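Please dock the two separately framed chains into a single complex, following the hints provided.
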Amino acid sequence: MPEETKPPLPPSPEGEAKPTAEKPAVPGGVKSTTSGSVQTDPNASTTKAEPAQPAAAKPAAPAAAAPPKPAAAGATPPAAPGAPAKPAAPPKAPVPTPVPWDSPMIAKLRGAYGSGIEPLSYLGQNYMIVDQSLIPEILQVLRNEERFDYCVDITAVHYPQREKQFEVVWVLYSFPRNERIRVKTLIKDGEAVPSSVPIWAGADWLEREVFDMFGIRFGGHPDLKRILLPEGWKGHPLRKDYGILQQDNEWVQINLGIESGQ
Amino acid sequence: MADQNTLSPLDLETHDKTFLDANELVINMGPQHPATHGVLRVILRLDGEKVLGLECVIGYLHRGVEKIGEHRTYTMFNPYVDRMDYVAAVSNGLGYCEAVEKLLNVEAPPRAQHVRVILTELNRIASHQLWLGTHALDIGAITPLFYTFRDREEILKIYEKYCGARLTTHAFRIGGLQYETYAGFEKEVKNFLNFLKPKIDEYEELLTTNRIWVERTKGIGKISAEDCIALGVTGPVLRASGVKWDLRKAQPYANYKNFDFEIPTGQHGDTYDRYLVRMVEMRQSVRIIEQAVDALPEGPIMAKVPKVMKPPVGEVYHSIEAPKGELGYFIVSDGSTQPYRMRVRPPSFVNLQALDLMCRGQLVADVIAVIGTLDIVLGEVDR
Chain C
1 MPEETKPPLP PSPEGEAKPT AEKPAVPGGV KSTTSGSVQT DPNASTTKAE PAQPAAAKPA
61 APAAAAPPKP AAAGATPPAA PGAPAKPAAP PKAPVPTPVP WDSPMIAKLR GAYGSGIEPL
121 SYLGQNYMIV DQSLIPEILQ VLRNEERFDY CVDITAVHYP QREKQFEVVW VLYSFPRNER
181 IRVKTLIKDG EAVPSSVPIW AGADWLEREV FDMFGIRFGG HPDLKRILLP EGWKGHPLRK
241 DYGILQQDNE WVQINLGIES GQ
Chain L
1 MADQNTLSPL DLETHDKTFL DANELVINMG PQHPATHGVL RVILRLDGEK VLGLECVIGY
61 LHRGVEKIGE HRTYTMFNPY VDRMDYVAAV SNGLGYCEAV EKLLNVEAPP RAQHVRVILT
121 ELNRIASHQL WLGTHALDIG AITPLFYTFR DREEILKIYE KYCGARLTTH AFRIGGLQYE
181 TYAGFEKEVK NFLNFLKPKI DEYEELLTTN RIWVERTKGI GKISAEDCIA LGVTGPVLRA
241 SGVKWDLRKA QPYANYKNFD FEIPTGQHGD TYDRYLVRMV EMRQSVRIIE QAVDALPEGP
301 IMAKVPKVMK PPVGEVYHSI EAPKGELGYF IVSDGSTQPY RMRVRPPSFV NLQALDLMCR
361 GQLVADVIAV IGTLDIVLGE VDR
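Protein chains in written order, with the numbering used here: chain C, 1 to 262; chain L, 1 to 383.
For the record, the hints were derived by calculation from the structure and aren't laboratory data.
Please note that a few of the clues may not be correct.
[Claimed, not checked] Just the calculated beta-carbon pair ranges, DEER-fashion:
#1 L:G140 to C:P160: 45 to 55 Å
#2 L:S224 to C:E145: 18 to 28 Å
#3 L:K257 to C:I258: 31 to 41 Å
#4 L:N258 to C:T97: 29 to 39 Å
[Said to hold, decoys possible] Calculated pairs, DSS-like style, for lysine-lysine (alpha carbon to alpha carbon, straight line, at most 27 Å):
#5 C:K240 to L:K244
#6 C:K108 to C:K225
#7 C:K164 to L:K67
#8 L:K67 to C:K234
#9 C:K184 to L:K310
#10 C:K184 to L:K67
#11 C:K188 to L:K67
#12 L:K244 to L:K218
#13 C:K164 to L:K310
Computed from a prediction, not measured in an experiment: that's the story for all the values here.
By construction, the Cβ of each residue, glycine as well, lies at the ideal position given by its N, Cα and C atoms.
Next comes chain L alone, as it looks inside the complex (with noise of 0.2 Å):
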């Protein structure tokens, strides 16, 4: 069968002197690459040791998320979209959620929406966590990974608290939570982001200043804030490149507006700009979290939403700032239990597509560093 996939073969007629030289080498790299941070295949052009141009090959891990979406209940399809970003399930849930309560014309209560903010401000920094732990892997120091999955454990043991799971959590619902705060619970965020601070100076004493990681990232990966915008690249890597622009702060949504934080970013666009904007944002989570836990409503945690959902006939767009980038929900109701289309707006796979772009003229080796840095996920990529 026809590979269509692969770079077009070279030609021994018309491309001989090429070959004699052998100046240009095309390698395959993945689907199962460690550093590809899940199963992606990328098709390397290199001349030597310096990129001349590759090709992503995805689609490996592709459920048809959408497809299945169409399938299921406003309810059933909920907990599918932890699924896609596994590594960021509660923001994906809370995307999810909002888009149906849009369409469905309600509003979760005042209580409810602050502990979504706590919880998704704690998938932000999980999220984060996990990226630089494995980002720093790839680059080749190991220490960060066993510091940051170990302060990540905490976060994910107040998630098992709340909800029982602590990975694909399903931590929200349409219309509001399914479950109350556990007693203690604002005690154990605070206590953790207190615990949490001196952990993030100390992964920035591990790498900040570190001779071996400045000369990895600095200047590696460079993306314009003009080329960012052109691809729709979104998340810490358009902010790394200049432009000072999150959703929670654009078109803020859930009950972002009322908290105080600032929205980090670099001047560069490299694969260092990208680490630091990522550090500034695990320490604005934690201020937006010790603010949402201090001014903690009492009240309802369900708005009134039907048991049996079926939205009026419309369409809805609506969109949150996921750890990655813009997450987008696409729904299309007729009228029935089901929505006639959902569609996602995945930040990794829009993301990805930068990748050319980033690492044409680098080594090898950097591209390694660029596929950490621009924190993809493969379940979201395939969907």
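Only chain C is shown next, with the shape it has when bound in the complex (with noise of 0.2 Å):
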């Protein structure tokens, strides 16, 4: 019976997005059921989708989730623990999004460039969506008539259920204006972005170190290979397809002779 109990719950936080966050807090949900668990367990296994929810809800409120506990082992209806829980969810703060920014220097912009941006502001930073084909020029406008003489940083995040999965990231600042703004483009997987080495010399490392764990080219980067993973490596691990045990057991196993490092 105990082991029936567990094959409901591990497919909740799987609805969750994320298996492993939600694994320190199963072990907690199960416990706070189990004292209960022969009376619960026929309504788990016929309605699979129902307790899947509080089991979701109740790390998000322990505290409420706590006290049926002792209640449970006098034979509450299963329902009851996950009712408290429900309603304690929604009255949040409201969730902030990002709102259109606007300055002297994104209305010059848009005035040459039209809808190929479109600036954002978030939490107080701002940042702005280019269009790809704009990327250079927009860099190299910034960098040399808005004065936005510092790359901080270059960097891409990986979104593979979308067309365009990556996003490329500029964080740049202006040391005589002493404002911080991002640039993002939306680019295909195999695309290729303009390098922005001409225009930062520093951009070399940090385009190497994306096209190491992403596999995006920079066209018209000095020398575009491997930063901190060997040469030879197979896959670019940041991916979201490259799952964390997942390695290289060919270059391992070639390198270290060793079967697998794991």
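Okay, structure coming up:
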């Protein structure tokens, strides 16, 4: 019977996008119901979707989930522990959303490039989503005319489910203006982005790292090769389809003489 | 297996003359060389003793910290950041906690902010002490190492008493602090500062006018302010080139705007100026800590943060002035308990890029001095 209680629970976090995140929460969730597991079992097996929701809500309100424990031992209906936890979730602070970002600089860029840029602001931080075709030009304008002379960081984010899988992000700072912005562009897998090494010399290693970790190519980069991983490594670890335990076994076998690094 | 990390070998057909003249030599330094401060491999192209150019090969200490971050909850990832720049673990923690707090839209209470500033500035002193000791050792002065390690020990003792750990302290939590300060914390910190002030004079007595030290550092590894900015170099290296820029002043975080301190700058951008800048920074840190201890407010040390953190969908970039330069965290949240993307912008990684430029035209022995003066930590370069 106790084995029966477990299967319905793990599926619940899976619906929550990330299984490992909920892992620590799940044992706690199991414990609080095991005392009453004998009674809850029939319910759990009949309505598989139903118990999943309280289990997911519990970690959000552990204080609310704890008190029903002794009550469950006293043969309370299983719906009771779930019910108080549910209303605890809705009263939340309004979720902040990106708002349009407006400034003289943006007005100028808008005038020149029109709808090619989408300026937004989130949590007081300004960024713009720029059309891929405008990328070298806008960065050059930001560097030369708007005096964003310091390229803080270049990185990428992988969204495998989108058509344009990669978001390339430049974090820029201007010493004269004391202002920090981000420039983003969306590209498809396999597409190249023009290198910004001619604009900021410091982009060299940053772009190499993005190439190493995501496999995004930067056209015109003077020496685009892996930087942190060894040459000949297969795959790009920061892509979402590259599992955390996955590794290049072939490389390990040849170079370290062991079957697997795991 | 073809190793593309090496410079292209000399082609005897076309480079016959060069080969016969033997005026270009490629040598390999590291990765396990005591003066590279970790596992850094440098491929030097030499003309006699003169450096024509060099290439850094890094990644020996790569642990995939960013990937780990995407597979841990926000709370679980907190101790990992200590392992990047392990001589300034507290600074890493401050940057990370503040970035997540920004994402969650919470703010640490004033008392927590004060304690954070005290511990972070103590860490800056400890980091600079370690840098000074090892840098001087590389150049040939062995005594400062004993002096600085003796005094750094006192800082580590304060950490140990505060949280039980000496190096990878995990001192801060998202939303504030885990522990209240121990009884007598303020007094102990003040005693330490009074102990340290004459010690900094002592370091300076050993080195500042020492002829060997001056000759080994003055005019060595020069870099201009323009080159620093173009390469993204930050921290004491940038300031020694004459740019008065410190994130604690430019874009104040924590509660640094409440404290009075100066930003030291150099003029020549050489190794000697970087040494002087860091010495002044230690004194300025002492000043900040004194003010913070005097004004330490009472009150809670933890803001209201949910036990299970699920920041709203969005992204944030937050950076702090770590002892080595700008340390930034770019975190993308998809609304779940784990960050969707955890990017760390490490100062050492970006600063190391300048090594090639700074070493060109210098002697081999100066490469050692320049690696030391950049103050890199390979744990942070490779992550």
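Quick rundown of the hints versus the structure:
| no. | hint | verdict |
| --- | --- | --- |
| 1 | L:G140 to C:P160: 45 to 55 Å | holds (54 Å) |
| 2 | L:S224 to C:E145: 18 to 28 Å | holds (23 Å) |
| 3 | L:K257 to C:I258: 31 to 41 Å | violated (53 Å) |
| 4 | L:N258 to C:T97: 29 to 39 Å | holds (32 Å) |
| 5 | C:K240 to L:K244 | violated (41 Å) |
| 6 | C:K108 to C:K225 | violated (37 Å) |
| 7 | C:K164 to L:K67 | holds (21 Å) |
| 8 | L:K67 to C:K234 | holds (16 Å) |
| 9 | C:K184 to L:K310 | holds (24 Å) |
| 10 | C:K184 to L:K67 | holds (21 Å) |
| 11 | C:K188 to L:K67 | holds (21 Å) |
| 12 | L:K244 to L:K218 | holds (21 Å) |
| 13 | C:K164 to L:K310 | holds (26 Å) |
Checked against the numbered hints listed earlier, the structure breaks hints 3, 5 and 6; every other hint is satisfied.
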